[in-house]
Amino acid sequence: MNLKTASARLGGVLLSAGLLLTMTPFSAQADTASVKVLKLAGSSSYDTFNPFNATMASTTDLLTLGYDSLVESAAKDNADSAGLAKSWTVSADKLTWTYTMRTGVKWSDGQPFTAQDAAWTYQAIMNHADLQTAFGSNVATISSVKAKDDTTLVIRTKEPQSVNPGTVVWILPEHIWSHVNAATYANDKDVVGTGPYVLKQYDKKSGVELDANPHFWRGKVGFDKLLYISYKNADASVQALKNGEVDYVGGLTPAQYNQLKGDTSLAAYAANNRRYYSLAINPGAKDSKGNDLGDGNPVLRDVRVRRAIVMAINNKTLIEKAFGGFGQEATGEIPSVYPLYHWNASKSDLSLSYDPAKARQLLDEAGLKVGADGYRTDKSGKPLTLRLLVGAEYPNWVQMATYVKPWLKAVGLNVSVITEAYSQVSDASTVGKYDMYFTGWGIGPDPDWQMSINLCSSRPNADGSGATSESNWCDSEFDKLYDQQHVELDQNKRSALVRRMQQLIYNAAVNDVITYPQSMVAYRKNAVTGFVAQPENGGIYTSQNGYWGMMAAHPPANATSSQSHDSSWIWIAVLAAAVVVIAGTGVFLHSRRHGNSDEEE
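Numbered per this note's numbering, the sequence shown finishes at 601, counting up by one with no gaps.
Calculated from the structure, these hints are not laboratory results. Treat the numbers as computed from the prediction; the structure is a model and nothing was measured. Backbone N, C-alpha and C define an ideal beta-carbon position, used for all residues, glycine too. Accuracy of the hints is not assured; some may be wrong.
[As the list claims (entries may be wrong)] Estimated spans, in silico, between C-beta atoms of each pair:
{"hint": "1", "residue 1": "109", "residue 2": "421", "range": "40 to 46 Å"}
{"hint": "2", "residue 1": "500", "residue 2": "557", "range": "45 to 51 Å"}
{"hint": "3", "residue 1": "76", "residue 2": "496", "range": "18 to 24 Å"}
{"hint": "4", "residue 1": "349", "residue 2": "104", "range": "46 to 52 Å"}
{"hint": "5", "residue 1": "357", "residue 2": "402", "range": "21 to 27 Å"}
{"hint": "6", "residue 1": "81", "residue 2": "496", "range": "21 to 27 Å"}
Turn these sequences into a full structure, and let the hints guide you.
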């Protein structure tokens, strides 16, 4: 990209940076004040800061810092913990949930928080279709929400459920949102919330500014401001970290992480993440009416063929080669950061582990004979080719394909690798037009939603609309187990049911979960410290199920960086840094699916 040189007068200073920048300094109210600022490499793209409609993880990660739910996911272990509600009870019939609000909580503008704010938020989503983009599925099981008084909220569900309905919705201030068109309100300036940081302003070119909430009910936070500076690619943000233009960078590749961890001025951290990457195999997709959907190869309807594919793939090697060793070998769909539901399978349980000889045996048993060219034919003797769809934006997936193709060739399966934009892969998978494809999901602390997308009832309409199905799979035993865990309040019993469900998915060989990849970050030691991980042992610092990491972060006692600034000058430096890298390319976007699972890639 060629940039025409231009000069812009910003805050009384002439800035020549190759692009006209017109943003006003963020702290006109305190131009000479000294503020503690943390600068983070942010996304180059956000969808909307309207909580009702936000669907991208880049956006919702920031909104998480500004809002609370009635019930939060604890930093220690992601368990349900008190949020805006200090306590709650559930009736004997498991239909009525009663929440007691904290007293003395204020919104960031100083107005008092009450149970009526929570009632208004839930009712707005339930009663207006145009406010259901983000949280609609979360409230689908709720029949009514009522504030009995300022401190008591009652939620009644249509059927018993184990998922606490207080965990699933951010509470918004009625005194703000009831006076605007809630469906179209941008919410990108002077945001009002109860979280530790609230969005002050957003500029498409330079990024996002968040201010500390002066009325945060948990206490004063470590920084006065967070600046999320937009960079066009990871290499540009890494260079900015080295140059001291930003203090924190996430989403590092193994090569970047290994390079940065040798810099004594930086701390590099590889965290256990709440995500999995997998290979999905088409089991014979059906639509919601039970009719064939898409064009998956019929041979994959035989579970022996799907199992053979899984057994021909060496997940350990993929983790080492495609992820640089920064990933845990996976078992089921719930990552190990959620020990209550993680399937910590024994070796004997993992019957589909790498075994090419057994894979060949299964393919022989399925009637797929090897031809003169070394490739197998289908049962009618016709040449057999399976398509593997790969999202071009994900280099580790592209690299995995270079290993999977020869491994499957070794057992006689001819694979055609089709690399295209992941949006195309996603669209094709929705309507069953695939044989195999790489995918990934970010998992929330409660497994109910992630398990629900494997139900027979989650199969989509013929055009791909309607329900979301993870693998176009349907199994009556799985459905029965789902119904049981959905209403089971005994934690040990529910955990056992969820683990059994993961084992069924594994044995069906519809989703070969390869790894729980680690999340790699680096930050300047002289700029920030004190992060709280979620979970506490080796968990992530940012993109959490909550705001714990950033809430606890603060400047080190011996901070020598430029964390204290004359505030009117901060955006000048930030914008100059953004301009330097604006010609970069390679944007990685993550769409967020709300519910108890939040992201599919």
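Do the hints match the structure? See the list:
1. Judged by the Cβ atoms, the range 40 to 46 Å given for residue 109 and residue 421 holds: they are separated by roughly 42 Å.
2. Judged by the Cβ atoms, the range 45 to 51 Å given for residue 500 and residue 557 holds: they are separated by roughly 50 Å.
3. Here the CB-CB span from residue 76 to residue 496 is close to 22 Å, well matched to the stated 18 to 24 Å.
4. The supplied range of 46 to 52 Å is met by residue 349 and residue 104, whose beta-carbon atoms lie about 50 Å from each other.
5. For residue 357 and residue 402, the hinted distance range of 21 to 27 Å is satisfied, since their beta carbons lie about 23 Å from each other.
6. Between residue 81 and residue 496, the C-beta spacing of about 23 Å keeps the proposed range 21 to 27 Å intact.
Violated hints for the displayed structure: none, as all numbered hints are satisfied.
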